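Add chain P to chain U, keeping to what the hints say.
Residue numbers (this note's numbering), protein chains in the order written: chain U, 1 to 285; chain P, 286 to 373.
If you are wondering where the hints come from, they were derived from the structure by calculation, not from laboratory data.
Predicted model, so just to flag it, every value in this text is computed and none were measured.
Treat the hints with care, since some could be wrong.
Said to hold, decoys possible - Over the 12 angstroms line for every Cβ pair with chain U, so calculated as not near, a few chain P residues:
1. H304
2. E306
3. E307
4. P309
5. E312
6. Q320
7. P322
8. R327
9. C342
10. P349
11. A354
12. A355
13. S368
14. A371
Claimed, not checked - Where chain U lies over chain P, by a calculated footprint (3+ residues, C-beta under 8 angstroms):
15. 286-299
16. 331-340
17. 359-367
Claimed, not checked - One side only, chain P facing chain U, incomplete, derived with CB under 7 angstroms:
18. D326
19. L347
20. I370
21. G372
22. G373
Glycine residues also receive a C-beta, built at the ideal position from the N, C-alpha and C atoms.
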Amino acid sequence: MDEMIVIGGGSFLLGSPPWVLRWLAESDQPLPPDWFGDETPQVARDLAPYRIDRHPVTVAAFAEFVRATGYVTEAESRGFGMLYQHGWTECEGVSWCAPAGPGSVGHADHPVVNVSWNDATAYARWVGKRLPTEPEWEYAARGAGFRLWPWGNDWSPGKANTAEYHGGTMTTLADWKNWWATVHNRYGAISMTTPVGAFSPAGDSVFGCVDMAGNVYEWTATTSDLYAATARYEPSMLPAIGNYRVIRGGSWMNFRYQVRCSERMHGDPLGWSNFSLGFRCAQDA
Amino acid sequence: MVTVVVPSVWTADRRSSFHVEEGPLFEVLKRFVAQHPECRDRVVGPDGEPLMFMNVCVDDRLVPRQDRAATVVPAGSTVILISPIAGG
Numbered sequence: 001m002d003e004m005i006v007i008g009g010g011s012f013l014l015g016s017p018p019w020v021l022r023w024l025a026e027s028d029q030p031l032p033p034d035w036f037g038d039e040t041p042q043v044a045r046d047l048a049p050y051r052i053d054r055h056p057v058t059v060a061a062f063a064e065f066v067r068a069t070g071y072v073t074e075a076e077s078r079g080f081g082m083l084y085q086h087g088w089t090e091c092e093g094v095s096w097c098a099p100a101g102p103g104s105v106g107h108a109d110h111p112v113v114n115v116s117w118n119d120a121t122a123y124a125r126w127v128g129k130r131l132p133t134e135p136e137w138e139y140a141a142r143g144a145g146f147r148l149w150p151w152g153n154d155w156s157p158g159k160a161n162t163a164e165y166h167g168g169t170m171t172t173l174a175d176w177k178n179w180w181a182t183v184h185n186r187y188g189a190i191s192m193t194t195p196v197g198a199f200s201p202a203g204d205s206v207f208g209c210v211d212m213a214g215n216v217y218e219w220t221a222t223t224s225d226l227y228a229a230t231a232r233y234e235p236s237m238l239p240a241i242g243n244y245r246v247i248r249g250g251s252w253m254n255f256r257y258q259v260r261c262s263e264r265m266h267g268d269p270l271g272w273s274n275f276s277l278g279f280r281c282a283q284d285a
Numbered sequence: 286m287v288t289v290v291v292p293s294v295w296t297a298d299r300r301s302s303f304h305v306e307e308g309p310l311f312e313v314l315k316r317f318v319a320q321h322p323e324c325r326d327r328v329v330g331p332d333g334e335p336l337m338f339m340n341v342c343v344d345d346r347l348v349p350r351q352d353r354a355a356t357v358v359p360a361g362s363t364v365i366l367i368s369p370i371a372g373g
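Just chain P, same shape as in the assembly:
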């Protein structure tokens, strides 16, 4: 499993950490929003594909947008989603 961390303000119960099955990064993100539809519009566009301006950190490394399609997230990793303007 992979740990997905999102801003706590995305969820009504202020939960920020979730577990999703490992795999290609985009599949991990799609599985996450399928399990947590309240976060869907923050992570994927109307076409269901990940929003590329949303920054993605895998195990302490910010993944450049051009590298994301080829990124595979192994079990035990942590994926953090962070907006290009964070906090506030």
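The shape of chain U in the complex, shown without the other chains:
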């Protein structure tokens, strides 16, 4: 379960080319172009050879870490974690081993969730690895040539664990809220992760990495920053720059547009986690 993929070094253009922002603006999705501005302009990056986990770290692997070290996650220390109910809510007893709160169980072959950046970093160090950098993550997801999703440029809801896999095509926030209300009313605030590799090989990246689109958001080692001073970005993003850590891959909560290989999100590294956020590890080759 701890298989790693060896990726030879290379040069590539990190981020999205201009046509992607035009495509997003013309697509039936609810977010304005500047919302995606932080993934532009493309910038050249050189990568030394590295290894990256084929799949996100599982509950079983994280449990082994906890058993061996006695590690207590930050959600456990605080006594609460975050679930999405009718909005994001801090809920007592939510943790990596109880992803939906007391009484829920983390399935061994699913990605571990409710892990903070510090938790992920501690695990990675214990196994002799580290978190991938943002360029390493994106290169592993799409290779040197640009593509929207790990398998190519044609969306297919059956190739990744997204909200559209569970609930059909969604184009508005209202669609999403209706779908989630149905799920929540029936099951409560469950984490709708799937076993790692459940969408393999159809959803694999060019290098054979699985779950690079959807399933769980993934922490990277990289501190949030703009690719260039000329980037147009959402003004409310300013506090993330220099403070947050880049998160990649989108999750089961997202539409197709948020699980693109070049999509960026940014997460607070100071103890925060939620029920759709996990990670995978990397290592110098």
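What follows is chain P alone, placed relative to chain U:
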């Protein structure tokens, strides 16, 4: 007055910048949601108190949650609200 900046996707017209009377941070936030109720559930809980997981930046400084109750926002300042997972 204080400038309050929120994600543009919170508002139907994609507006992200607002002006609110200065004062204690929590009062500023409550005034903001009173003036812009479409943002209410993003900023305060059912009890009307600010959601503590929502990060608050005052003049380029992220205010730790334990310091927020004692923070006063002077006129001319900018308050930015940012979720712990931002963008996307």
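Hint by hint, here is what the structure shows:
1. Against the 12 angstroms criterion, H304(P) stays outside the reach of chain U, whose nearest CB is about 15 angstroms from its own CB.
2. With 12 angstroms as the threshold on Cβ separation, the claim that E306(P) sits away from chain U holds: the shortest Cβ distance comes to roughly 21 angstroms.
3. Taking the minimum C-beta to C-beta distance to chain U, about 20 angstroms, the non-interface status of E307(P) holds against the 12 angstroms cut.
4. At roughly 20 angstroms from the closest C-beta of chain U, the C-beta of P309(P) stays outside 12 angstroms, upholding its exclusion from the interface.
5. With 12 angstroms as the threshold on Cβ separation, the claim that E312(P) sits away from chain U holds: the shortest Cβ distance comes to roughly 21 angstroms.
6. Every CB of chain U is more than 12 angstroms from the CB of Q320(P) (nearest about 17 angstroms), matching its label as outside the interface.
7. Distance check for P322(P) against chain U: the nearest CB is about 15 angstroms away, which clears 12 angstroms, and the non-interface claim stands.
8. The Cβ of R327(P) sits about 7 angstroms from the closest Cβ of chain U, inside the 12 angstroms cut-off, so the non-interface label is violated.
9. In this structure C342(P) is not separated from chain U by more than 12 angstroms, as the shortest Cβ-Cβ distance comes to only about 4 angstroms.
10. The claim that P349(P) is not at the interface with chain U is violated, since a C-beta of that chain comes within 12 angstroms of its own (minimum 8 angstroms).
11. No Cβ of chain U approaches the Cβ of A354(P) within 12 angstroms, the least distance being about 17 angstroms, so the stated non-interface status holds.
12. Consistency note on A355(P): stated as away from chain U, and its beta-carbon is indeed over 12 angstroms from all of that chain's, at 19 angstroms minimum.
13. With 12 angstroms as the threshold on Cβ separation, the claim that S368(P) sits away from chain U is violated: the shortest Cβ distance comes to roughly 8 angstroms.
14. The claim that A371(P) is not at the interface with chain U is violated, since a C-beta of that chain comes within 12 angstroms of its own (minimum 5 angstroms).
15. Counting residues of the stretch 286-299 of chain P whose beta-carbon sits less than 8 angstroms from any beta-carbon of chain U gives 6, enough to reach three: the coverage restraint holds.
16. Residues of the stretch 331-340 of chain P lying with their CB closer than 8 angstroms to a CB of chain U number 4, which satisfies the three-residue condition for coverage.
17. Look at the stretch 359-367 of chain P against chain U: 3 of its residues bring a Cβ nearer than 8 angstroms to a Cβ of that chain, three or more, so the hint holds.
18. With a cut of 7 angstroms, the hint placing D326(P) at the interface with chain U holds, because the nearest CB-to-CB distance is about 5 angstroms.
19. Interface restraint check: L347(P) against chain U, minimum CB-CB distance 6 angstroms, threshold 7 angstroms, status holds.
20. Contact between I370(P) and chain U, as hinted, is supported at the beta carbon level, the nearest pair being about 5 angstroms apart and thus within 7 angstroms.
21. Annotation: interface hint on G372(P) holds; nearest CB of chain U at approximately 5 angstroms, less than 7 angstroms.
22. Interface hint status for G373(P): upheld, as the beta-carbon distance to the closest one in chain U is roughly 4 angstroms, under 7 angstroms.
Of the numbered hints given earlier, the model fails hints 8, 9, 10, 13 and 14; all others are met.
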